[in-house]
Amino acid sequence: MSFLAQDTDGIVSPMCRFFIPTFYNSFVKANIMAYRDLRTFLKKLEELGELVRIICPVSPYLEISEITNRLSKGATEKNKALLFENVSGYQIPLLINTLGSYKRMNLALGVNSFKEIAERIEKFLDKKIPDDLLGKLSMLPKLAEAASFPPKIVSSAPCQEVVITNQEEPMLDKLPIITAWPGDAAPFITMTVVVTKDPKTGTRNVGMYRLQKINNTTTCMHWHKHHDGAQNYLEKAAGEEGVEVRGQKTDKLGLEIEANGDLTNAKSSVLLKERQAKDKEKSRLEQDFSGKRKMEVAVAIGCDPAVMYSASAPLPPGVDEFLFAGFLRGSPVELVKCKTVDLEVPATSEIVLEGYVDLNELTTEGPFGDHTGFYSLAGMFPEFHITAMTHKKDPIYTTIIVGKPPMEDCYMGKATEQIFLPLIRVFLPEVVDLNLPLEGVFHNCAIISIKKKYPAHGKKVINAIWGMGQMMFTKYVIVVDDDIDIHNLSNLAFHVFSNTDPKRDSVFTEGPTDILDHAASTMAISGKMGLDATRKWKSEGYIREWPSEMVMDEATKGLVTNRWKEYGL
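The opening residue of the sequence shown carries number 6 in our numbering; numbering runs sequentially from there.
Some clues are possibly wrong.
Here are the simulated SDA-like cross-link-like pairs (lysine to any residue), alpha carbons at most 25 angstroms apart as the crow flies [claimed, not checked]:
| id | residue 1 | residue 2 |
| --- | --- | --- |
| 1 | Lys398 | Arg44 |
| 2 | Lys179 | Ile401 |
| 3 | Lys342 | Ile169 |
| 4 | Lys342 | Pro322 |
| 5 | Lys342 | Lys398 |
| 6 | Lys344 | Lys458 |
| 7 | Lys456 | Val556 |
| 8 | Lys49 | Gly79 |
| 9 | Lys458 | Asp506 |
| 10 | Lys179 | Ala162 |
| 11 | Lys458 | Lys419 |
| 12 | Lys78 | Gln96 |
| 13 | Lys419 | Gln475 |
| 14 | Lys409 | His523 |
| 15 | Lys398 | Lys78 |
| 16 | Lys562 | Asn493 |
| 17 | Lys179 | Gln96 |
Since the hints were derived computationally from the structure, they do not count as laboratory data.
Take these sequences, add in the hints, and give me the full structure.
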């Protein structure tokens, strides 16, 4: 709390001790529900009828995925979190679809609407310091809440009740890791909180990356070249071997492997086994096992919901995801130091994997049934070597499946859409609302409404979006006026199709795209299209009169509403 005493006029600091506890209790704790761990959240879900326990035997190979997929796409009232307590061949229960609805996602974040978090962020982004005393006092709730954000280091933790360092003991082999789709190359660990550090600054990064199981102590680490975890890996490689290596390794990371035809399950399995054997033989000859060649990694599984969500959030570089989770929770995330690597992980995690990736070592990962609804092809990614696995005495293994929407990741993405809208408004204050439709799997399409103020304003916003963080991946950007409900896709389509001249209103360019975009001729580089669907002004060269939209007058609508029963309809 030391930063609270640094007010320039010396007014806030003498009053902090008195006011902050009061404001904190009334403002923060009254409005935010913090779940200390996953089990606290599950207890709440069960109380609300949002969790179903399945006690009959089920297979981790495809069966759990098919059950979950049907619920995700079925009736809303039957879409529940699922706790499989009897996974064939395993003693550890499996939790899935945890955040797979708007209701559970809101519960996870302790809000009734994602917009509540956006409003909190907007208040924090307003950094103007009032001149008067009462104005300064009005900022104390904000300062008090901020004081609860940074993570807290603890000396002992539930996630280390059991510590396994013997490579001969079951580690990954004891986890009920599922194979979700028939064409998947192997079982994948998917609901992860992956912790790395920037090799230059020591800044922590947390991300959600999938891990393909290779054996009891080895997985692939699937981080995209655009993401911070991969950038830490590439920075470490460049630092050890020279800057030119960064470009070489960037090109190799994720490089697709030709399958030469249809990628059936049988064919892909044979292909990958042969390729992996060759990769391993080559990499073992090239490896240097001195410590400088390794980058330490820790993977937490089964964290509290705020931490799970934060790992997936596209935060600006340098922003600690655990700090952001503390913001969402209204209380600090407790971290504990790992047993075999110099990293910290959430203390209440169910399971933690500790280890390293080797800078010389890339191996075949995939195919994988991805959130795009298509299989991402086999590619080259680092191996993650596990040096220790720690867990609670009776852990719960959490996972997620992805595929054609709607699925669990969709609701996490829709939370991100609204939560990060204030950050977009910092640079583009004219933006009113944002919709990343599920059908666009979040990086294919962005629909934006704006308060149009000058000619070509819509095209300015289109170009700005392509230059903004991970929005750079967006292939299609559609901009409309602020009176259009962009979440009503039918009404939106009516206005877009009616109000645009494709020749006049289209913008074409080229830039980075998600490496999962199979339509791109060159991996990670794609054409992009913007559509300015705002109403056109004379100053934009529109020389005709723009027609008025047909809307019934309020008096007639009121009359019909009042007489509706008389009509017998």
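Status of the hints after comparison with the structure:
For the given pair, Lys398 sits about 13 angstroms from Arg44 by alpha-carbon distance, which is consistent with the 25 angstroms threshold. This hinted pair checks out: Lys179 and Ile401 have alpha carbons roughly 12 angstroms apart, not beyond 25 angstroms. With a C-alpha separation of about 15 angstroms, the suggested pair Lys342 and Ile169 falls inside the 25 angstroms cut-off, and the hint holds. In summary, the hint linking Lys342 to Pro322 is supported, as the alpha carbons are separated by about 23 angstroms, within the 25 angstroms threshold.
This hinted pair checks out: Lys342 and Lys398 have alpha carbons roughly 18 angstroms apart, not beyond 25 angstroms. In summary, the hint linking Lys344 to Lys458 is not supported, as the alpha carbons are separated by about 57 angstroms, beyond the 25 angstroms threshold. Distance hint between Lys456 and Val556 is fulfilled; the C-alpha atoms sit about 21 angstroms from each other, no more than 25 angstroms. With a CA separation close to 23 angstroms, the supplied pair Lys49 and Gly79 stays within the 25 angstroms bound.
Between Lys458 and Asp506 the CA atoms are separated by roughly 20 angstroms; this keeps the pair inside 25 angstroms, and the hint holds. Pair hint Lys179 plus Ala162 holds up; C-alpha atoms about 21 angstroms apart against a cutoff of 25 angstroms. For the suggested pair Lys458 and Lys419, the alpha carbons sit about 28 angstroms apart, so the restraint of at most 25 angstroms is broken. With a CA separation close to 29 angstroms, the supplied pair Lys78 and Gln96 exceeds the 25 angstroms bound.
As the CA atoms of Lys419 and Gln475 are separated by approximately 15 angstroms, the hinted pair is consistent with the 25 angstroms bound. In summary, the hint linking Lys409 to His523 is supported, as the alpha carbons are separated by about 15 angstroms, within the 25 angstroms threshold. A hinted pair counts as satisfied when its Cα atoms are at most 25 angstroms apart, and Lys398 with Lys78 does not qualify at roughly 35 angstroms. The hinted pair formed by Lys562 and Asn493 meets the criterion: a straight-line CA distance of about 21 angstroms does not exceed 25 angstroms.
Only pairs whose Cα atoms come within 25 angstroms are accepted, and Lys179 paired with Gln96 is accepted, the gap being roughly 8 angstroms.
Violated hints for the displayed structure, listed by number in ascending order: 6, 11, 12 and 15.
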